[in-house]
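Chains as they are written, first to last, in UniProt numbering: chain A, 1 to 671; chain B, 1 to 671; chain C, 1 to 671.
Source of the hints: derived by calculation from the structure; they are not laboratory data.
Any given hint could be a false lead.
Claimed, not checked - Partial list, computed: chain B residues near chain C (C-beta under 7 Å):
hint: 1; residue: G101
hint: 2; residue: R103
hint: 3; residue: F184
hint: 4; residue: S190
hint: 5; residue: S196
hint: 6; residue: T200
hint: 7; residue: Y203
hint: 8; residue: E521
hint: 9; residue: P524
Claimed, not checked - If you anchor each label on the Cβ, the simulated ranges turn out as follows:
hint: 10; chain 1: B; residue 1: A223; chain 2: C; residue 2: L89; range: 21 to 31 Å
hint: 11; chain 1: C; residue 1: D191; chain 2: B; residue 2: R125; range: 50 to 60 Å
hint: 12; chain 1: C; residue 1: L89; chain 2: B; residue 2: A564; range: 34 to 44 Å
hint: 13; chain 1: B; residue 1: P50; chain 2: C; residue 2: D191; range: 49 to 59 Å
We put the beta carbon where it would ideally sit given N, CA and C, even for glycine.
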Amino acid sequence: MWTDGPLCYGGDYNPEQWPAQVWSEDVELMRQAGVNLVTVGVFAWSRLEPAPGRYTFDWLDRVLDLLHTSGIRVALATPTASPPPWFSLAHPGALPVTADGIRLHHGSRDTYCAAAPAYRAAALRIAAALADRYAHHPALAGWHVHNEYGTTCHCEHAAQAFRRWLADRHGDLRTLNDAWTTSFWSQHYSDWAQISTPRTTQYLPNPGQLLDFRRFWSDTLLAAYTEQRDLLRAANPALPVTTNYVLGDWVPVDHARWSTEVDLVAVDHYPSAVDGGAEEQTALAADLARGWARHAAAQRPHTPSSAASTWLLMESAPNQIHTAGRMHTKEPGRMLRHSLAHVARGSHGALFFQWRAPVGGAERFHSALVPHAGPGSRVFRETVALGAALRRLTEVRGDVEASVAFVVDAASAWALRHPGLPSTLPDHHDELAAAHRLLWRAGHACDTVTPGDPLDGYRLLILPALYLIDDATARWLGDHVHAGGHLLATYLSGVADEHARVRLGGYPGALRDLLGVHAEEFHPLAVDDHVRLDDGGTGRIWAETLRLSGAETILSYVGGVLDAMPAVTRHRVGDGTAWYLSTRPDDTTYRRLLDAAARAAGVTPVCPGAPEGVEAVRRRHADTSWLFLLNHTDGEQRVPARGWELLRATPVEDAVALPPGGVAVLREHQG
Amino acid sequence: MWTDGPLCYGGDYNPEQWPAQVWSEDVELMRQAGVNLVTVGVFAWSRLEPAPGRYTFDWLDRVLDLLHTSGIRVALATPTASPPPWFSLAHPGALPVTADGIRLHHGSRDTYCAAAPAYRAAALRIAAALADRYAHHPALAGWHVHNEYGTTCHCEHAAQAFRRWLADRHGDLRTLNDAWTTSFWSQHYSDWAQISTPRTTQYLPNPGQLLDFRRFWSDTLLAAYTEQRDLLRAANPALPVTTNYVLGDWVPVDHARWSTEVDLVAVDHYPSAVDGGAEEQTALAADLARGWARHAAAQRPHTPSSAASTWLLMESAPNQIHTAGRMHTKEPGRMLRHSLAHVARGSHGALFFQWRAPVGGAERFHSALVPHAGPGSRVFRETVALGAALRRLTEVRGDVEASVAFVVDAASAWALRHPGLPSTLPDHHDELAAAHRLLWRAGHACDTVTPGDPLDGYRLLILPALYLIDDATARWLGDHVHAGGHLLATYLSGVADEHARVRLGGYPGALRDLLGVHAEEFHPLAVDDHVRLDDGGTGRIWAETLRLSGAETILSYVGGVLDAMPAVTRHRVGDGTAWYLSTRPDDTTYRRLLDAAARAAGVTPVCPGAPEGVEAVRRRHADTSWLFLLNHTDGEQRVPARGWELLRATPVEDAVALPPGGVAVLREHQG
Amino acid sequence: MWTDGPLCYGGDYNPEQWPAQVWSEDVELMRQAGVNLVTVGVFAWSRLEPAPGRYTFDWLDRVLDLLHTSGIRVALATPTASPPPWFSLAHPGALPVTADGIRLHHGSRDTYCAAAPAYRAAALRIAAALADRYAHHPALAGWHVHNEYGTTCHCEHAAQAFRRWLADRHGDLRTLNDAWTTSFWSQHYSDWAQISTPRTTQYLPNPGQLLDFRRFWSDTLLAAYTEQRDLLRAANPALPVTTNYVLGDWVPVDHARWSTEVDLVAVDHYPSAVDGGAEEQTALAADLARGWARHAAAQRPHTPSSAASTWLLMESAPNQIHTAGRMHTKEPGRMLRHSLAHVARGSHGALFFQWRAPVGGAERFHSALVPHAGPGSRVFRETVALGAALRRLTEVRGDVEASVAFVVDAASAWALRHPGLPSTLPDHHDELAAAHRLLWRAGHACDTVTPGDPLDGYRLLILPALYLIDDATARWLGDHVHAGGHLLATYLSGVADEHARVRLGGYPGALRDLLGVHAEEFHPLAVDDHVRLDDGGTGRIWAETLRLSGAETILSYVGGVLDAMPAVTRHRVGDGTAWYLSTRPDDTTYRRLLDAAARAAGVTPVCPGAPEGVEAVRRRHADTSWLFLLNHTDGEQRVPARGWELLRATPVEDAVALPPGGVAVLREHQG
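Based on the sequences and whatever the hints tell you, model everything.
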């Protein structure tokens, strides 16, 4: 298993882009850098199978042998994320179609419909050929299926598959009509054949159809994955199989659901914020990945607890943050700090896209460990330094300790982006990020959970605009609070059921009793508007006419039509407590509320003495713990701590001094 | 006739969205609220005809009987605005096609081409089935055909119909080529078959083609309406028939032309401004509706004058103003104030979309009289209060007295939005709204008229960028002024003829003599630019090099290339006067000009003592008049008046005190 | 030859838009204005060939005879830029197709695919018919083929032609795969049939394919031109043939390459800036046109040097600057000043679109010499004045003297707009304009050259983000500097080769040695961001981690990660000097750097005594020179000069006084 050995270090290696003479330089540079794991073969389909059924494996033989000889392990990829031009020419009906009905063409990557039988057959064939040849190659550490599953399609193949999936999910049309509320606007279906994918239509689309279309694609892409996985696993059951997740609102993938089907949760992470936001995004992405890993482990009996939360950062950018309009070059030291932030949160190493910058192609300016300027460069020097640092962290293992958990749900995120909502501003992921960021700044460790996950050990659950709550989830949340747990829900949580149908009788239908409130009316705010709160703070995005039915008022609105009405409430339920935020407070008020909720729940910061801007994360295994300290500030920082600092191999008696941008990792005294 | 009895109150009722047990609660709540008219069956096609030719009327039988028993009248709708999925599957060629050639799919509403024979046949069939069964049902107050006609299409059916319509309009190709100026860019048509709808083309399209395409759709949709109307009328000539207009720039409907074909002008109104703008938009929409009603009456000999200007607000939103990005919740009392503002301007009641908020579907968050929270809610309490208020106004009737009229023309609005104009800023409706708003603030009552309408009683006509003026309209305007009337035209009025061809010899060709000016050149202004005027004010959007040929200068430009040249002029023509504004003045200057023009024309405010922010409208029938006073301010206001206040049933001796947001309706002493 | 006689004056004349009675007024007004050359027949196809193969030349006979009688010469156009509707109906497959696969329709102009055989055949047929009839008509001064070639297409005809062109360019697929780096993302082509035009695809497209697609269209449009040219030339070898270039980033035409195929470089110029920017754009456009003329002449042995740099302004707007959203009306005198600015820079006259403003059609509001208001207008009076001015300049000839040259390259401009670059901000033309504008303000005359052009006489070469540099161009630039020349390159110059492949080993690969620097990393800046420089100035758009390898630092960065690193460098190479700017300095710093580079290179302003805002351009022929002085300021300006002022026919002893907006043209004493 990849996660058995030392921390993984390396990334996407694409020898097919270079003449063979470059390969030996590659291996020598990898050795210098301490690279121990590379992904080979992503996007190499046209090089491996230049014509249907004709394979050219000689170059890959040489590459794998060379890597094996050099002690570098390989995650061998199936190249199915980019069919060769010959495939597209032979199967134009397998090219993807947009909601407008426009058929996309070859010339980029991912130009296939994953529901097209011809594509699925061709993908399985190349996967089988690779399995036949390499399943027992000694270089292999495992299989990397495909790359960043995330496409959708509206072709006739997709429409047929959608209808089959719907029949499977809903059983009969009566159930589907009810779930989609087709009584509105005369959309009652009397025959499965009448249903199409949500193609561009005259006016507002049906939200039930939109939601099921996303679910259908998550399951369809997963089926494309699992059929490759099963084939690869059959060829050598000892090799683990996974695929790398791409994150983003547009991705039609329920990662929690997928995580039960991969042998290791693997995540690509590319932050989009240039300033401190990149570090906050990194922490959240890693917490999500770890949450998916734990979710999967919870469903597998007998997962050893040490492995339960392990995952892998499969791709990251060596030297750039991609923002709208331009690539921001990372400051010196930031690559290492980002990488160790992932390791601190459970990644078994740090991989990058890609090893060597190409001369051409669409991503010719994507950053690389070996940049266009070559190894005589800052980036490559930092690459070598990162390799050394990771080697010094070999002993680190175990889970992050957290007693706060965010409830995250892909379907809620999707449904909150549908047209026809009271506002376009609320967003499950944005709400998650807003609260996560404030807890991160306050030094708290957070987990993420999927509805239904075990909640042992969590003192505080946060529901960030968890829009869709089915009855089972409502019970799961109620049980947590009734058992003495704490919970904080933000606006729009529990408003709708699993089909995105509004629960009647006052919002939020699924949580009304638990929260001890009901909202009569929503007051969505304009993008530049705010409401005032009676602690002097403000609220954005949303407000509500809120009535108490058991809860007490913590903060009230001031002024306007909501004057003196409750804005934030708290409801004592036995030993448990349920907070409700009907608006998005400004950062100061929000942090104060989160602090209060955390304190009441008995949640304490990871490292209470760490100054603002120093990220502290603790991993623990058995009776050993490791404290990661990452100084994201421009100044030197001093943090009270004791232990053995692994990166510099020095003892720390009472405090560690972190230079600007510096990192320390302490093996702590047992306690 | 709907307008014979008490004021109508109710809205869209969709029992097909709910189980039968809800229906009895509905009727009980309607009784509480005083609802007396509901529209039933809009969008119920798939429930009424679940398969081609198979009808399920039992539920509608029960609903109509229940309503009738409860004394609630019904506007029975034909459900043709949303064909069922079985229709789309059977007739894919009847799905609409965009200018890009993209065929839209089922999944929303209005997914048909109104020129497709299969659609028209299916629509007539369901209408006939409804007529057969219900034309003599005692619950029926009338027919509500379709809903918000407003779609266009570019499919081959549409293209063929367009060619037939063009042949009908222009007679021969020579005339069409001339009207469209096809000598420009080699567009001469030598065969009707060469003409398509204005599909997406390489570069700027032909403006004549664009204009006729809109006219074609107005007529085609009207034909779809009239063929249903004729069928329904034949089934029971005693029942009135109408359809509800949707307002908006995108709507290809010439409402004035349509109004001669409906038995009652019915309008849906959804303001888009959150602040006072919603009230201004309400006043304008109501004045437009009344203008269409008067226009129709003028063409029907023997319309009783009391009915001439009656119309009906067929849809409005109980609790939301829909703005870009979010729904704004109406403040307490605002629903009533908006509703009475419509009644003050001639609406025979106030109807809403919709009765009960649905759990799902595209408009699951559209506001409703019975909201998601149920009847124990502010909205439902205001619903009950509005019902009571409307009952107290039963005696109100007659026309609004206005001596100012705006000339409104759908084709001018369409043509001013064509590409290739000197600026994208000028807009007929925006120009109309700008002047109407200032006169509204100044307390003046305004009418709207269609070119050619009788002008008896109007002292001041306003032409708001009335871009297209044909020879007959030019004479009609000239006759008004020569007979001693006053007229105020804003820039771009009369620049083009009915085919959007520029009239040569100096702008504005159709009005040059009447205005006593001619403009050599336009000076369109950048969106953030302005010109200075010699009263200290400024002008936006537009300016002109204006030469006097009989007129006198009222305001001049200051600075720049137009320094000291005329900006606003006045031309005495016998006893009449014609003003011209070559720019859009700032509000202060514009209001001063409008005041001057009104004063000179002998126009006085409705209620000279009403403070700013209190809207005053007077309706008169025979020797009785009713004065509506609506306090749109946050403070109490006192208005000098005498009479009997209907809402509180109290006498008013010398003044009425209006609480913040309050309304009074006085039956005035005869005068 | 058009350029043999007096300066050309006139423009597009479209008698087909008017009844015959207007023609005589036209000719009379042309006579008043001094018009001596009109382009006839652009867009007249449907009037000339109303049905396939049926010609109606009678009206054109009359028009040509009338013009000839009146002494007005004619550039007779082939009307192939706008096929008649009958063509589109008969050949729907010749209508153009977008990258989305959407087929555009008739209804504008240019609705054809220039690779469609049916279109090419029809275009040749009408050209042949015109040649047969008019090649020896005495009115003809030459042929004006088509109009503003600039369309692309993605239809199957285009795809086939693209494949043929690629086979021709690359020879074999191995070469193409290498040029396009198809090893990235599995895009290896194994059969020509697999290649399509760059249709809309799933994600980022291939930059090599994008670049070749532009080149293909440049060559395809050129072939459409040359086949008409050859036919016309065969009919009468004495008549010159050309076509008018349209400028703009979207135009897929390599004007330098085309210029070797036209008998006279003819350019349409429509500035887009309202303020002084219009004058700066005018100067640059004229310098580009002259550069293309010189480039062509350099490739034709025995071109008389007097004719080498002559070109013609074929279209400009009499009275409008078209900006986004609105047309800006030109201030009095500006039409003349723009026209003489072109003449000063080598245009043999000034032509306009169009003679008479049409009543309809897409461009009904485009300005015209005879406006809608008619000849009794400012515009027509200025038209008459301009004619008189041009007549007084008959003697002017010869080339502009310039010792600074910008290296301009269409492919670099195209490649810098591809997706996937480090930033969307850098732009070859914008970079060119930025430096050209500052030199223009400083009073320097500039040429433009194409890579490989003779460089005799240029002291300073400027490379404005000359992104693509092939090996030959690198040698050409090196030779210039090694021979003692000066050179100034801005960021991103020389980064890639002719296939847009990045040159490895440190940027900019093609210029590293010449500049004595290499850049390790790019630091693209956000759109509203800047870096500080150690002269107190700032840089925008771009920055780099720059290492010296022979150069010296002129300016350094201040602050941030680049603190104290070189920003601007200078490298002495023998007697030559090579400057490098790794950022875009603010105007003050940039002008200071350009001044320093110019001074060091021995470059002096055209007229050192001219105040800022007075443009000075000198043309010289044999031992006579003419100095154009254009006062673009609002104030009177005094310029030291001696000679004979042609416009007022007065001697100038020591200085000329220019009124606000005024122009003077001095025949200077020989010196």
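Hint check results:
With a least beta-carbon distance of about 6 Å to chain C, the hint placing B:G101 at the interface is held under the 7 Å criterion. At its closest, the beta carbon of B:R103 sits 12 Å from a beta carbon of chain C; the interface hint therefore is violated under the 7 Å criterion. For the restraint placing B:F184 at the interface with chain C, the shortest Cβ-Cβ distance is roughly 3 Å, inside the 7 Å limit, so the hint holds. Satisfaction of the interface hint for B:S190 is found here, the shortest Cβ-Cβ separation to chain C being roughly 6 Å, below the 7 Å cut-off.
Hint status for B:S196 relative to chain C: holds, with the closest Cβ pair at about 6 Å, below 7 Å. This hint holds: B:T200 has a C-beta 6 Å from the nearest C-beta of chain C, less than the 7 Å allowed. Residue-level restraint check for B:Y203 holds (minimum Cβ-Cβ distance to chain C is 4 Å; threshold 7 Å). Hint on B:E521 holds. Least Cβ distance to chain C is approximately 6 Å, under the 7 Å limit.
Interface hint at B:P524: satisfied, since its Cβ lies 4 Å from the closest Cβ of chain C, which is below the 7 Å cut-off. Range check, B:A223 to C:L89: Cβ separation about 27 Å, and the 21 to 31 Å hint holds. One distance hint, 50 to 60 Å for the beta-carbon pair C:D191 and B:R125, holds here, with the actual separation near 54 Å. As the Cβ distance of C:L89 to B:A564 is approximately 55 Å, the hint placing it in 34 to 44 Å is violated.
Separation of B:P50 from C:D191 is about 52 Å and conforms to the stated range, judged on CB atoms against 49 to 59 Å.
The structure fails to meet hints 2 and 12 from the earlier list, while all remaining hints are met.
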